[in-house]
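Use these hints to put chain B onto chain A, whose structure you have.
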Amino acid sequence: MNVLIDNFSLYAEGFLGTLELTVYSSVLALLLGFLMASFRVAPVRSLRVFGTVWVTVLRNTPLTLLFFAVLLGLPRFGVVLPFEVFAVLALGCYTSAFICEALRSGINTVPTGQGEAARSLGMTFTQTLNLVVLPQAFRSVIPPVGSTLIALAKNSAIAGAFSVTELLGTYKTLSELGYNIVWTFVWIAVGYLIITFAISALFNALEKKWGVAR
Amino acid sequence: MGSRPLTPATATALYDVPGPRTRRRHRIYSAVAAAVLLGLLAWILYLLFDTEQFTYTKWMPFAYQGIQELLLRGLGNTLKAFALAAALALVLGGMLAAGRLSDHRSLRVLATVVVEFFRAMPVLVMIFFIFVALKAQPLTALVAGLALYNGSVLAEVFRSGVNAVERGQREAAFALGMRKTQVMVHVLVPQAVRAMLPAIISQLVVALKDTSLGYLITYEEFLHAGKLIASNLDYDLPFIPVVMVISPIYIGMCMLLSWFAGRVSRWERHSPKTRAVELTTADPGTLLPGGEPPTAPRP
Chain A
1 MNVLIDNFSL
11 YAEGFLGTLE
21 LTVYSSVLAL
31 LLGFLMASFR
41 VAPVRSLRVF
51 GTVWVTVLRN
61 TPLTLLFFAV
71 LLGLPRFGVV
81 LPFEVFAVLA
91 LGCYTSAFIC
101 EALRSGINTV
111 PTGQGEAARS
121 LGMTFTQTLN
131 LVVLPQAFRS
141 VIPPVGSTLI
151 ALAKNSAIAG
161 AFSVTELLGT
171 YKTLSELGYN
181 IVWTFVWIAV
191 GYLIITFAIS
201 ALFNALEKKW
211 GVAR
Chain B
1 MGSRPLTPAT
11 ATALYDVPGP
21 RTRRRHRIYS
31 AVAAAVLLGL
41 LAWILYLLFD
51 TEQFTYTKWM
61 PFAYQGIQEL
71 LLRGLGNTLK
81 AFALAAALAL
91 VLGGMLAAGR
101 LSDHRSLRVL
111 ATVVVEFFRA
121 MPVLVMIFFI
131 FVALKAQPLT
141 ALVAGLALYN
151 GSVLAEVFRS
161 GVNAVERGQR
171 EAAFALGMRK
181 TQVMVHVLVP
191 QAVRAMLPAI
201 ISQLVVALKD
211 TSLGYLITYE
221 EFLHAGKLIA
231 SNLDYDLPFI
241 PVVMVISPIY
251 IGMCMLLSWF
261 AGRVSRWERH
271 SPKTRAVELT
281 TADPGTLLPG
291 GEPPTAPRP
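Sequences listed follow chains A and B, in order. So the first sequence is residues 1 to 214, counted in this note's numbering. So the second sequence is residues 1 to 299, counted in this note's numbering.
Just to be clear, a hint being listed does not mean it is correct.
Sample of chain A residues at the chain B side, in silico, Cβ under 8 Å [what the hints assert, rightly or not]: (1) Arg40; (2) Val44; (3) Phe50; (4) Asn60; (5) Pro62; (6) Leu65; (7) Gly115; (8) Val133; (9) Asn155; (10) Ala189; (11) Val190; (12) Tyr192.
Pairs of lysine to any residue, SDA-like flavour, derived with a Cα cap of 20 Å [claimed, not checked]: (13) B:Lys58 to A:Ala69; (14) B:Lys135 to A:Val182; (15) A:Lys172 to B:Gln137; (16) B:Lys227 to A:Leu74; (17) A:Lys172 to B:Lys135; (18) B:Lys58 to A:Val182; (19) B:Lys58 to A:Gly78.
What follows is a set of in silico ranges between Cβ atoms, one per label pair, in the way DEER data are often shown [what the hints assert, rightly or not]: (20) A:Phe138 to B:Arg108: 33 to 39 Å; (21) B:Asp103 to A:Val186: 30 to 36 Å; (22) A:Pro135 to B:Lys80: 48 to 54 Å; (23) A:Arg45 to B:Gly252: 21 to 27 Å; (24) A:Phe34 to B:Arg263: 27 to 33 Å; (25) A:Leu31 to B:Met178: 51 to 57 Å; (26) A:Val186 to B:Gly252: 35 to 41 Å; (27) A:Ala205 to B:Glu278: 27 to 33 Å; (28) A:Val190 to B:Tyr56: 20 to 26 Å; (29) B:Arg21 to A:Leu193: 54 to 60 Å; (30) B:Leu41 to A:Phe34: 22 to 28 Å; (31) A:Gln114 to B:Asp103: 41 to 47 Å; (32) B:Leu37 to A:Val186: 45 to 51 Å.
In short, the hints are calculated from the structure, not lab data. Virtual Cβ for every residue (Gly too), placed ideally from N, Cα, C.
Here chain B stands alone, though its shape is the one from the complex:
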């Protein structure tokens, strides 16, 4: 055995490599904890059966074609709102980032104010403002709110990505006689986007999660469809069954996208095209709606 039997991933400042006796003790603790957790799970299952959540009437609606179509339509609307919001947020983010990196002071100040304002506002307040005060359609309000918020966050992501590209790249490009736009388009932005791709995808997960806010402004998305079924007296108010059906789908979609972000992050790490820029990893704050945008450390 070498001097460092632990891999860095499992090495921690908290405790040493456990010996055989400690490992046995940990296994006992583990078994006890597992028993407690399984007991908790069993208790929840018991509660579910006890409050009659698995009755035929409550699960019957999911066998109806009409209900299935309602759910699918809801899911389609969710994905539509997500696609629109994501596309608009990416465009807006690019524009705001360009503004923040501009050489013109007035443009820079304007973009900074816009970005800081929309980042500081709760996204729901913006959506409600557009919906109530500007009397927009639910879809418009939802997409506009999400695009403004996520666009502002993405602007920060893009900007920090561009700033994280090694200085030599920019200097070399200028030395070759490129103009600022050329330096940006041909040299800095491609490297920045590659490096920030995991962070960008993570931010899109936030947008996907936030499409469910559409439920609050009566946009007919997935959760709204679920609510319609859940409040139906004919099916004995199948509230828990609805949650049990729709949450795995929501969580599954988001996990798929998060997993993809992690995957991309691994690909990019091995890519020679990201050598001149610090990569972002999917760090803790990134999936939190309203959280800080992930920023690359400056070299």
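The following block holds chain A by itself, in its conformation from the complex:
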């Protein structure tokens, strides 16, 4: 318990770092994932190919390698940004591939007949998309997107090991200060659990409000 009370500000800083990283990366991953999903279901062939390549490559890349390449590689091109931004980029791009797949399979769960019926009623493409397809897809993608974002929060620990201010990174300072290492890790673990449970609770609420009754 002492470890937490004595170093509350350090823990709080790390916790907020993880939280910030998670939120910004989630936003990037959702936006990019949506873009890639729309590429993958588009009738335009080259966009479809691009989306497929993006997803296949990123899904099969180790996240550590991506962090390594982005955090240490981009500066070689003269791109100088704070480490936090690089971490958000790496984490966001990586997770976007999984978000894309979740969204795409959500769109594919909408039966073809729904779109055909909408069009036969004379709805335009925008109307079909906004009034028929997306609302139904949205309902079915809540659980997979939630679990993807939980995974993102957990993966943000890798950023801590690349010296971004983050919850896992606090262990280094604390072990140098000579605190009990086991308790140090217990509180780090609690911090992660708080974040993952918060995301899980948020998505359960969303699911309850908008989810499909199964």
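Then chain B, alone, in the frame of chain A:
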């Protein structure tokens, strides 16, 4: 032309089958988009040349035997960690799944707690805990962390596989007078494993990808070898060349294993031995480290 000219794979709720004019328009869009994407690629290539990534000094190290051996040793260590972690995770997963399916309440509760705890923890926190707090060797820490995490996920995969086998199979086996262990070993588990094989292999891809976490605890694996070369001043810090060499190998290995998972999934679909159980497909979450375990839908 029939009433449904589209195959189900390309049919979508989003738009109708395009007519000739729309197809022409799509082709124009496609060309424009391809031009933009190629432009982007050309710009990246220009940047690479502009920042002198293709100089002789930066690529020279890869011609040295010592460097090649260093990389190969790193790759060997990666594969060693993967093999150990995969084997241990499969064993642990089997044990935890057996615990979760046990008739004894205490065992069930214990296994559930273990599985839920290790699934909820970031795998890196576990690896660091074993490495720093328990002062383990890097390889031990990496393998133990990966085995605990992936074992817990695999336990869920096994369990959902067993639960997905048609009820009649279990009932028939019990009716024949088999004991619970016999029902499990001879009837349920073989069918469950067959059905979940694609998911199990996909989870192993996650383990393979996560061996690169060993880099963070100074385990001398592939990425670590790359870093050693990349930070060498004699070769003018060949960082980009190193990434260009090691990432295709990493991605290639993972893609090979993912492709194999897809292949197995296709084989199993045609196998008469999986008729009584719903098959898993390689679904979106499966390759995500820290993601949900793929579960079979219950019949």
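Tested hints:
1. With its C-beta approaching chain B no nearer than about 11 Å, A:Arg40 sits outside the 8 Å limit, and its interface hint is violated.
2. The beta carbon of A:Val44 is positioned within 8 Å of a beta carbon in chain B (closest approach about 5 Å), and the interface hint is therefore held.
3. A cut of 8 Å between beta carbons decides the hint on A:Phe50: the least distance to chain B is about 6 Å, and the hint holds.
4. The interface hint given for A:Asn60 holds, since its Cβ lies 4 Å from the closest Cβ of chain B, which is under the 8 Å cut-off.
5. Annotation: A:Pro62 was flagged as interfacial toward chain B, and the flag holds, the nearest CB pair being 4 Å apart, inside 8 Å.
6. For A:Leu65, the shortest C-beta to C-beta distance to chain B is roughly 6 Å, which falls under 8 Å, so the interface hint holds.
7. Interface restraint check for A:Gly115: the shortest CB-CB distance to chain B comes to about 3 Å, inside 8 Å, so the restraint holds.
8. Restraint check, A:Val133 versus chain B: the minimum CB separation of about 5 Å is within 8 Å; hint holds.
9. Satisfaction of the interface hint for A:Asn155 is found here, the shortest Cβ-Cβ separation to chain B being roughly 5 Å, below the 8 Å cut-off.
10. Because the smallest distance between the Cβ of A:Ala189 and any Cβ of chain B comes to about 6 Å, under 8 Å, the interface hint for this residue holds.
11. Nearest Cβ of chain B to the Cβ of A:Val190: about 11 Å, over the 8 Å cut. The hint is violated.
12. Interface restraint check: A:Tyr192 against chain B, minimum CB-CB distance 6 Å, threshold 8 Å, status holds.
13. Restraint check: the Cα-Cα separation between B:Lys58 and A:Ala69 comes to about 16 Å, which is no more than 20 Å; the hinted pair holds.
14. Between B:Lys135 and A:Val182, the direct Cα distance comes to roughly 11 Å. Compliance with the 20 Å bound is thereby established for this hinted pair.
15. Restraint check for A:Lys172 and B:Gln137: the C-alpha separation of about 18 Å stays at or below 20 Å, so the hint holds.
16. The hinted pair formed by B:Lys227 and A:Leu74 meets the criterion: a straight-line CA distance of about 15 Å does not exceed 20 Å.
17. For the hint linking A:Lys172 to B:Lys135, the alpha-carbon distance of about 14 Å falls within 20 Å, and the restraint holds.
18. This hinted pair does not check out: B:Lys58 and A:Val182 have alpha carbons roughly 44 Å apart, beyond 20 Å.
19. Between B:Lys58 and A:Gly78 the alpha-carbon distance is near 17 Å, which keeps this suggested pair within the 20 Å criterion.
20. At about 36 Å, the beta-carbon gap between A:Phe138 and B:Arg108 stays in the expected band of 33 to 39 Å.
21. At about 33 Å, the CB distance of B:Asp103 to A:Val186 agrees with the hint of 30 to 36 Å.
22. The supplied range of 48 to 54 Å is met by A:Pro135 and B:Lys80, whose beta-carbon atoms lie about 50 Å from each other.
23. The hint said 21 to 27 Å for the Cβ distance between A:Arg45 and B:Gly252, and at roughly 25 Å that hint holds.
24. Between A:Phe34 and B:Arg263 the beta carbons are some 31 Å apart, a value that agrees with the proposed interval 27 to 33 Å.
25. Checked against the given bound of 51 to 57 Å, the beta carbons of A:Leu31 and B:Met178, roughly 54 Å apart, stay inside it.
26. Distance hint check for A:Val186 and B:Gly252: the Cβ-Cβ separation is about 40 Å, which falls inside the suggested range of 35 to 41 Å.
27. About 30 Å separates the C-beta atoms of A:Ala205 and B:Glu278, a value consistent with the hinted range of 27 to 33 Å.
28. Checked against the hint of 20 to 26 Å, the pair A:Val190 and B:Tyr56 fails, with Cβ atoms roughly 53 Å apart.
29. Taken as a hint, the range 54 to 60 Å holds for the pair B:Arg21 and A:Leu193, whose Cβ atoms sit roughly 57 Å apart.
30. Our hint of 22 to 28 Å for B:Leu41 and A:Phe34 holds, since their Cβ atoms are close to 23 Å apart.
31. One distance hint, 41 to 47 Å for the beta-carbon pair A:Gln114 and B:Asp103, holds here, with the actual separation near 45 Å.
32. For B:Leu37 and A:Val186, the hinted distance range of 45 to 51 Å is satisfied, since their beta carbons lie about 48 Å from each other.
Against the hints set out earlier in the document, violations occur for numbers 1, 11, 18, 28.
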